[in-house]
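Participant: Residue numbers (this note's numbering), protein chains in the order written: chain A, 177 to 524; chain B, 129 to 491.
Rather than coming from a laboratory, the hints here were simulated on the basis of the structure.
In this text, a Cβ means the ideal position worked out from N, Cα and C, and glycines have one as well.
Misleading hints may appear alongside valid ones.
To be verified - Negatives, chain A to chain B, calculated, CB over 10 Å: (1) G215; (2) G348; (3) P370; (4) D404; (5) V411; (6) R415; (7) G504.
Stated by the list, open to error - Computed footprint of chain A on chain B; a stretch qualifies when at least three of its residues, placed anywhere within it, have a C-beta under 8 Å from a C-beta of chain A: (8) 256-263; (9) 394-403.
What the hints assert, rightly or not - Label pairs and their in silico Cβ distance ranges: (10) B/G360 with A/A512: 51 to 61 Å; (11) B/P331 with A/T466: 14 to 24 Å; (12) B/G299 with A/P356: 26 to 36 Å; (13) A/F392 with B/A325: 58 to 68 Å; (14) B/N238 with A/F328: 25 to 35 Å; (15) A/L228 with B/E247: 34 to 44 Å; (16) A/S235 with B/G299: 44 to 54 Å; (17) B/K466 with A/I231: 51 to 61 Å; (18) B/K362 with A/L318: 38 to 48 Å; (19) B/I488 with A/S235: 39 to 49 Å; (20) A/V223 with B/S471: 17 to 27 Å.
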Amino acid sequence: MDSPPQMPELPARARVSALTTGDGRGAGRPSWLKRRLAGMAPLLVLVALCILLGILSPSFFSFRNLVWGVANQAAIPLILAMGATFVILMGSIDLSIEGILCVGAMIVALLCANDTNTNNFGWLGPLFALLACTALGLVSGLVHVGLRIPSFMATLGMWFVGLGIGTVILGGTAVRVLDPRVRAMAFLRIGYFPMAVWVAAAVFVLALLIERRTRFGRYVYAIGGGEDIAKLSGVPVARTRILAFTLAGFFTGIAAVLASAQLGQANTTIADGRLFMTITAVVVGGTALTGGWGGVVNSLVGTLTVVVLANGMVLLGISPYVHETVQGLMIIAAVALSVRRGARLVIK
Amino acid sequence: MAIDHEMFRAAVHRRRFLAGTAALGAGVAAGALPRYARADSPPMLVTSIRSLSNPYHAVWKVGADAFAKQTGLAHVTLVTEGNSEKGISDINAMIAKTNGHMVLNVDPNNTPDARPIVEACAKAGVYVVTWWNKPADLHPWNFNPHYISHIEFDGASSGAYIADELFKAMGNEGGFVAIGGIISDSASIDRRRGMLAALKKNPNISLLDWQTADWQSQKAFDIMSSWLTRFGPKIKGVWAANDDMGTGALEALRSQGLAGQVPVVGIDGIKAAVEAVKAGEFVCTVTSDPYWQGGIGLSMGLEASQGKFDPAKEPRIHREFNATTVKITRANVDTYIKTEVDSHPQIDWTNLWNRVASPISYS
Numbered sequence: 177m178d179s180p181p182q183m184p185e186l187p188a189r190a191r192v193s194a195l196t197t198g199d200g201r202g203a204g205r206p207s208w209l210k211r212r213l214a215g216m217a218p219l220l221v222l223v224a225l226c227i228l229l230g231i232l233s234p235s236f237f238s239f240r241n242l243v244w245g246v247a248n249q250a251a252i253p254l255i256l257a258m259g260a261t262f263v264i265l266m267g268s269i270d271l272s273i274e275g276i277l278c279v280g281a282m283i284v285a286l287l288c289a290n291d292t293n294t295n296n297f298g299w300l301g302p303l304f305a306l307l308a309c310t311a312l313g314l315v316s317g318l319v320h321v322g323l324r325i326p327s328f329m330a331t332l333g334m335w336f337v338g339l340g341i342g343t344v345i346l347g348g349t350a351v352r353v354l355d356p357r358v359r360a361m362a363f364l365r366i367g368y369f370p371m372a373v374w375v376a377a378a379v380f381v382l383a384l385l386i387e388r389r390t391r392f393g394r395y396v397y398a399i400g401g402g403e404d405i406a407k408l409s410g411v412p413v414a415r416t417r418i419l420a421f422t423l424a425g426f427f428t429g430i431a432a433v434l435a436s437a438q439l440g441q442a443n444t445t446i447a448d449g450r451l452f453m454t455i456t457a458v459v460v461g462g463t464a465l466t467g468g469w470g471g472v473v474n475s476l477v478g479t480l481t482v483v484v485l486a487n488g489m490v491l492l493g494i495s496p497y498v499h500e501t502v503q504g505l506m507i508i509a510a511v512a513l514s515v516r517r518g519a520r521l522v523i524k
Numbered sequence: 129m130a131i132d133h134e135m136f137r138a139a140v141h142r143r144r145f146l147a148g149t150a151a152l153g154a155g156v157a158a159g160a161l162p163r164y165a166r167a168d169s170p171p172m173l174v175t176s177i178r179s180l181s182n183p184y185h186a187v188w189k190v191g192a193d194a195f196a197k198q199t200g201l202a203h204v205t206l207v208t209e210g211n212s213e214k215g216i217s218d219i220n221a222m223i224a225k226t227n228g229h230m231v232l233n234v235d236p237n238n239t240p241d242a243r244p245i246v247e248a249c250a251k252a253g254v255y256v257v258t259w260w261n262k263p264a265d266l267h268p269w270n271f272n273p274h275y276i277s278h279i280e281f282d283g284a285s286s287g288a289y290i291a292d293e294l295f296k297a298m299g300n301e302g303g304f305v306a307i308g309g310i311i312s313d314s315a316s317i318d319r320r321r322g323m324l325a326a327l328k329k330n331p332n333i334s335l336l337d338w339q340t341a342d343w344q345s346q347k348a349f350d351i352m353s354s355w356l357t358r359f360g361p362k363i364k365g366v367w368a369a370n371d372d373m374g375t376g377a378l379e380a381l382r383s384q385g386l387a388g389q390v391p392v393v394g395i396d397g398i399k400a401a402v403e404a405v406k407a408g409e410f411v412c413t414v415t416s417d418p419y420w421q422g423g424i425g426l427s428m429g430l431e432a433s434q435g436k437f438d439p440a441k442e443p444r445i446h447r448e449f450n451a452t453t454v455k456i457t458r459a460n461v462d463t464y465i466k467t468e469v470d471s472h473p474q475i476d477w478t479n480l481w482n483r484v485a486s487p488i489s490y491s
């Protein structure tokens with residue numbers, strides 16, 4: 177009979193090197209050029225897509241489209257992807273995005289001037305929403321680490337807890353945001369760009385600093401590269417994991433504030449479809465679901481790819497009947513180009 | 129017609145909702161109810177719907193509770209949560225518990241579900257009304273007298289009606305964009321068919337593009353933003369297959385300072401849309417009035433079980449029909465808000481057939 181599949185032994189050195197380079201495990205050493213190309217593949221896909229759309233549709237590169245069609249539409253997905261990136265880098269997954277976003281948007285709408293109650297707390301609404309979302313992220317992390325429940329199940333539970341809270345409080349109704357200050361958080365224009373884009377840019381810079389300049393950022397890669405080794409090396413695994421989920425909750429809170437400000441309302445379905453879009457963006461950007469490889473820059477590229485694709489299909493007037501097929505093919509193509517085949521890992 | 133009703137997002141009214149939350153626990157109480165004797169006691173009122181987290185069914189339940197309160201009868205709401213098995217077995221359990229001494233108003237989770245539900249009811253002597261979903265070859269008159277009626281709403285005529293109103297607001301010329309729901313939903317397909325039929329009658333109107341936003345506000349917002357950069361001022365109107373998407377498109381227009389200048393139409397009569405009609409940003413919206421649906425189905429069952437009418441003797445148009453929708457335009461929006469939003473609607477539950485519109489056609 178066949179011999180059992182050979183499992184490549186991972187040299188411990190390669191794993192630990194994740195601590196310093198963020199480019200850890202994998203057997204064999206592909207040439208420098210090959211590695212650089214594989215790393216650049218998501219960006220190349222994005223550039224090629226933009227050029228293609230620019231040729232096919234003259235309005236794609238118009239300033240107005242780049243601001244309102246691309247940048248503004250990418251703002252919320254980018255912020256969500258920033259939070260998801262750290263979790264995925266650890267090799268975990270955060271499914272609670274839609275539930276937490278729903279709770280955050282609901283808190284914003286119910287605390288600021290709205291059409292359902294007489295509250296008018298202005299800035300306190302978004303602040304409380306941020307706190308609540310961060311707290312929910314913290315709970316996800318505590319449940320995951322403390323009770324040793326896989327992140328998949330812990331955050332799946334938190335997703336439904338969030339939606340449940342939304343359902344009980346909103347009962348299926350929509351609450352409209354009437355406070356112009358809250359609406360301005362999405363629409364106020366500063367130098368051609370709406371506020372949402374500036375917020376997203378700030379969040380991106382923050383995430384980049386966390387990834388590149390903090391110990392936490394290094395630890396995340398170490399855990400994703402190999403948790404056992406990281407633990408032996410003295411990485412505070414439990415604390416890092418909890419912090420990563422808390423951070424994801426915080427970023428989801430920012431997205432929740434922007435979502436309610438942008439749509440001017442909150443309801444239980446406000447976050448529908450966000451989870452899939454976020455994980456797609458992270459993966460298309462080249463961050464490995466197995467952890468240890470990728471980063472927030474990858475997620476920026478991935479988010480832009482997904483948003484440009486959606487924008488392009490509307491600009492080209494592609495029939496909705498083929499949208500999903502085109503989207504699916506693009507995702508497979510983007511991931512196929514960026515996957516690191518040099519690393520002979522098990523493909524799950 | 130599986131997902132029709134869920135998408136037929138409803139008029140959401142503040143007081144109805146408040147009353148609804150107060151009664152949320154009612155479903156849970158079902159287990160504690162005593163076994164009903166068949167004798168002289170009045171029948172139990174039973175509602176079976178999809179969930180309480182969508183506005184449509186939330187208002188449905190409020191209407192059903194209002195009817196129950198008026199009649200002073202016990203009312204139980206069963207929720208399928210999108211699970212056909214659960215829906216059917218909950219109904220069977222309730223039939224067993226009440227010994228068949230109940231009336232049922234049901235929005236079957238899926239088309240095939242209607243048959244086992246109706247058969248179980250007919251066998252136990254339960255009067256039943258179904259909405260939206262049933263197989264084309266299942267007819268109330270084959271289960272006399274217990275299967276009273278099957279009621280739907282004609283998506284094509286709603287789609288055509290709001291399109292006509294939109295075209296009028298556009299001065300019967302220029303281009304418009306249309307946003308559909310989930311592409312394979314029959315509600316989405318029917319409403320679009322109606323819109324296209326209305327378009328055919330207006331040669332000076334052109335459809336710039338049609339895209340689908342899966343019934344979601346956020347997706348409609350994004351699509352509308354892209355359309356605005358693609359077509360710019362060529363867009364003279366927006367047709368949306370539901371209000372949630374219509375309000376999403378409206379917010380995209382607002383971000384460009386175009387709210388109120390480009391007319392928008394939608395379906396469902398959600399509160400945001402009704403207020404947009406009042407503000408002059410929406411031209412009109414249409415609702416199936418789930419409050420009425422929740423009460424009238426129970427009323428039919430109760431009157432039949434009390435012998436006030438014999439379903440078997442009703443004409444076929446009363447047994448299987450499309451009901452009329454409530455249309456909200458600038459002309460009646462003030463009255464609508466006063467009577468339907470700011471106070472409980474006054475409905476004559478004994479007038480069973482005043483909303484019969486047209487026979488259901490099976491394609």
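Participant: Which of the listed hints are not met by the structure?
Facilitator: 2, 3, 8, 10, 11, 15, 16, 18, 20
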